[in-house]
Amino acid sequence: MSEKRAILSGNEAIARGVWEAGVRLASAYPGTPSTEILENVKNYKDIYSEWAPNEKVALEVGIGSSIAGARTLVTMKHVGINVAADPLFTFSYTGVNGGLILVSADDPAMHSSQNEQDNRNYGRFAKIPVIEPSDSQECKDFVATALDLSEEFDTPVMYRTTTRTSHSKSIVTLGERTEQPGKVELVKDMPKYTMLPVSAKRRHPLVEERIVKLKEYAETTPLNRIEYNDTKIGVITNGISYQYVKEAMPEASVLKLGLTYPLPENKIKEFAAKVDKLLIVEEGDPFFEDQITVMGVKIDHGKDLFPLVGELSAAFIKSQVSGVVAELKDAAADLPGRPPAFCPGCSHRGIFTILKKLKVFVSGDIGCYTLGALPPMSAMHACVCMGASISMGHGMAKVVESSDDMTQKVVSVIGDSTFFHSGMTSLLNCIYNKSNSVAMILDNRTTGMTGGQENPGSGLTLGGEEAIVADIPALVKAFGIKNVVKIDPYNLVDIEEKMKVALASDEMTVVVVEAPCVLRYRISHPPLKVDAEKCTACKRCLTVSCNALSMEVKGDDSFVVIDPNMCAGCGVCAQVCKFDAIGE
Amino acid sequence: METTNILLAGVGGQGVLLASQIFTSVAIEADLDVKQSEVHGMSQRGGSVTSHVRFGEKVFSPTIDPGEADFLIGFERLETLRNVHCLKSGGTIIYNSMRINPSTVAAGVAEYPDDVAQQIAAFGEKTYQVDGLGLGQQAGNPRSSNVVMVGAVSCFLPLPESLWEDKIRQLLPPKLVDLNLKAFHLGREAVKGK
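Chains as they are written, first to last, in my numbering: chain A, 1 to 584; chain B, 1 to 194.
FYI, nobody ran anything at the bench for these hints, they're computed from the structure. Treat the hints loosely; a few may be bogus.
Which stretches of chain A does chain B cover? Using the computed rule of at least three CB atoms under 8 Å from a CB of chain B, they are [as the list claims (entries may be wrong)]:
(1) 313 to 323
(2) 332 to 341
(3) 547 to 555
Using N, Cα and C, we set each Cβ at its ideal position, and we do this for glycine too.
Chain B on its own, in the form it takes in the complex (with noise of 0.2 Å):
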């Protein structure tokens, strides 16, 4: 298996690690290599978060490069936009359609662009949007957008889905085990057939 590289984008708070999480204990219960890098420190603060999840035979840089990700996962549409340079030509873009405003725009001193949505689909052929809060709200809390992304994503890597819902109850807290399941499977059922 050659390395899947797979960059998630998005706010801080917003779950991006724990859905790292999901998929690096998925591939290393594949029998695969895996690593996986984020920065953080300032970033709990709303800035931007990336998170680098690559996994395959063998994987030597824990960093996804720009042009080398094969899956971009955007959970803020501004987010998904300022890295889709990362992008592997021909590669996939699953991304939550959301909008939460930086500081700067929030303040008056900077606009949010109002053609990101167009923007991002002139980068990748593949490009899928999700509703991500409205189906984490489906699922009873728009906080598990996070699960209904990794439920999207989950459909287009070839690890059974049995071991994405096992990994999702080991995760969680036993109490939210049932709503991110749900969160997940509204997440597959966004993209499949698209």
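Just chain A, same shape as in the assembly (with noise of 0.2 Å):
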């Protein structure tokens, strides 16, 4: 075979697919399971990648460059389209001129998500095609068809894969990149991009009109294909269900939607009439199932045995079907589970051991410290989306009367990234409106969670050159805070001593912890060890939450050993040890 083969995450294919079909600009914010799209298209120099501050402004950036005449490609995670939302709407309007697809990476079951909202939603809601592939060969090669789609119907194309597609890898045959013919330069056409009343009046027919070209090409396209088998049973499906149903049901007939917004309504109704039984196999919202009822096709089985909640699997589907439950091995019981903790020498767990010992109501946001709301740490108490911890502290903190309660006080704790991407403006509204809550600005230089990607604090971007660091402190001061108070994460008597003038004042103030990922930048200092003829074993020190630590018996003798090839000598531990046992 002289053809190139690799095996490919979906992800990885993606950013094969759009180097292939000739994409000049790529923007994202990094979201699970969508984020290693843009740090694989960061490796083709053919394309101009960078990380934008949230997804809004990805997609903004995105919707100048294809202005502009440029393919360009946008990466999200599924929450990630709701903060882009306000100029995809409008953008469904004024079209494309260079293609642009939208990757929304959706995440049902929640491996690493808040919710398992299902974005084909989008897709109707905002009138723009969207696009499904099953596998990492339909990644990479369905990219090329969606830019052409995008182009041919100028309307921007959502892309949409799934945790399971996005990060499953299968083999891929590889191509070659094709320039596109296309001048890339400002050409005014104010009707079609300056979207007043009086434009936007005159765009919206072209995109109900859009719509129905596309039913008619949603008829043709070899996105949709029918695998007729035996007949007594036809599934339709799409993305990831697609391989589970082949594997579940391999004598079935199956209609295979990639192109899922909009719908092939006369295709549907021959597959329906061909086949016995018509099940709808599909992850997420009934959304084939509710249109395809419209259409007045009698549906067999959809969401009555593949239910709104979580991800399907082939075993699923085969007993769902059979009605017959295999037999299985019962699960090991009552096994200590083994959730994700701070690692060892993380600046986050000092901060968290004393917001805990103050008994503060904790306002969370998305990053590595929404880990200590679980077990032990249990020092998070509300978190919702992206940025939101210090609007939520302030709402909190105008309706709850002012006492000396410190049960009844309110901090917000937000990372660096998340402060960029919406949490300025929170920080803004609280000083206009006289806020009087604390906010922590936890800064680690990096975007931690979704694996360390470089932001506006790292000063380094996307392809790893010098950029500047946002001054976060200053920031702060120019939006007119005066209370502005750094703290050292690894001293918990600062902290602590810290955080109660805070909590005492009748002002905004902002606490800004600086101390980069020791992670992302491999900080370590030597391990420390316990003293066992000291340690009482009182647990004391396992309250801190860090892996590096465990109790050992011997005997009737029990003490607390630190691993050395774990510890990072942060000393957290030894500073909350009241026997003096921990040390280097």
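Fit chain to chain and form the complex, with the hints in mind.
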């Protein structure tokens, strides 16, 4: 075989696909399961790529690139589309110049997310086509089709993956890059790109016409494929569910939808007429089921067998269809869980240790520090979305009667990347509206939870070039906040004293914690040791929730030991020890 | 060739994903269809990690369903036990006997069971325990215990030894190749003749 093959994840394959399809610009905000797309795109030097501070900015950068005539990629996780929805819905009206695909990486079963919204609904809502690949080969190949479609129909295209398509690997036959012939230059076209009411009123009917034309396209595109087999059962499916169906019901006929909005009504009716029983197998919402029902097609089974919640699997589909539950070995019962935890040496550990001690209400945000909510730390009490901590904390402080009762005081905790994402406006609101709340910005100079990506505070770009280091204290002061306090997260006394002052103040205080991520920047100090003679096995040090510490029992004696291979020497455990048993 | 299902289970940071990469690249070289699936994100922070590797004539689903794994490769005792229900009846368990405390155990709010090995043995007739940590140390670095496990599993698969060695040479940084080849062979020796 002369053709080049590789085993790629869906995300790696999308990166390859956009390179092959002549994309010139890519922008994204990191978010599981989408992050690796841009991390791979950056290796293709023909494409300019960047991390944006949030998804709205990423899409707007992409819109600019598209208007200028370049093929463009924008990626984000499903909840990121909520942030980018404002430009998206009007970009649907302006349409594109260079083709643009917007990757929405959804997370059914919430492996690493706060909700499991089904973003196919956005396609229908924003009136743009949605394309869904089922494996890595399709992740690559459908990109070129999506960009052609985007340009032919003058529309952004939503390119939807799920965790399983993004993060599973399969074999891909590779191609080469085709440069696009069109010139990239600015051409003024006010009625198309300036969405004043006068021009938007002219664009809206075009959007409706476009959907009608796309419905016709859906009937003939090879993205939608019928695989006739035994016609007793016919299944309409998409994305990763297609793989599960093929495995669970190899004998069934399948209508595999690759263009999942708008739907090919005639093709669906033709398929439904040829099969005895029609099943709809889709993860998430009854997106196909509802629309196909409206078409007047009789569906034998859909969400009655395949629930809205969580992920599907081949075995689950098999047992739902056959009614036979396979006999399985019981899982081992009552095993201790292994939740993710702060890394040894993490600068968040000392902060949450003190917040817990102070008994305050912690209004949290999205990042590694959200792990502070898990036991045994259990020191975060609300978390909704990116950037919400500070605004929610302000709302709480405005309605709760002020008192000296620490349990009625709120501390908002946000990371650097989240602050740049959408926390800055929340903070501006606080000072503008005379908040007396306390906000902590935990600046570890990276977007940690998604694997340590660069951000405006890192001093580096996605491509590894030197960049500005956004000065958070200066920014906060520029908003008009007078009380800006820096604390050392490895000094528990410092944290406690300064937090007490901040909590007693009538004015807004912003606490800035500057400590680089130990994982991202590989920071380590000599490991600490426990003096077994001094250790009374009181377990106080274990409350700081560090995996390097554990209890050892030798005969009648028990004491704490520190794993020297894991300990980063941060000293937080030593500071909570009342018997001076932990040292170098 | 029927589809072979290998479930790898361990703790974030143990090199489970590199081990999976060796399996998939060996299978692709043997001209088989291959799929591999894992979930990353929060698992990086010391949480449980599983990786699903499937190869054969034609593979559809990238994930292995409970009761379908031909091999359960455990990189840590407790994580092996946590996934025993994934094993096919008659399947093989090969696991690293090392212990890593979950944060809940380290914090003293949960207990690490004493009888993990006995419980694992009760699930699979064909169970092999490997001192992955010790053999990794013997190879020159305890972190190579993931490749020790690859070596142990390689004995059970009908793929030539040289293919495994080639892929280890390709996938690891040059300065770590010799150490990991040693780890691979120590893993093979550990299960041979058992």
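For each hint, the structure was consulted:
1. 313 to 323: holds (count 4)
2. 332 to 341: holds (count 8)
3. 547 to 555: holds (count 5)
Violated hints: none; the structure is consistent with every hint.
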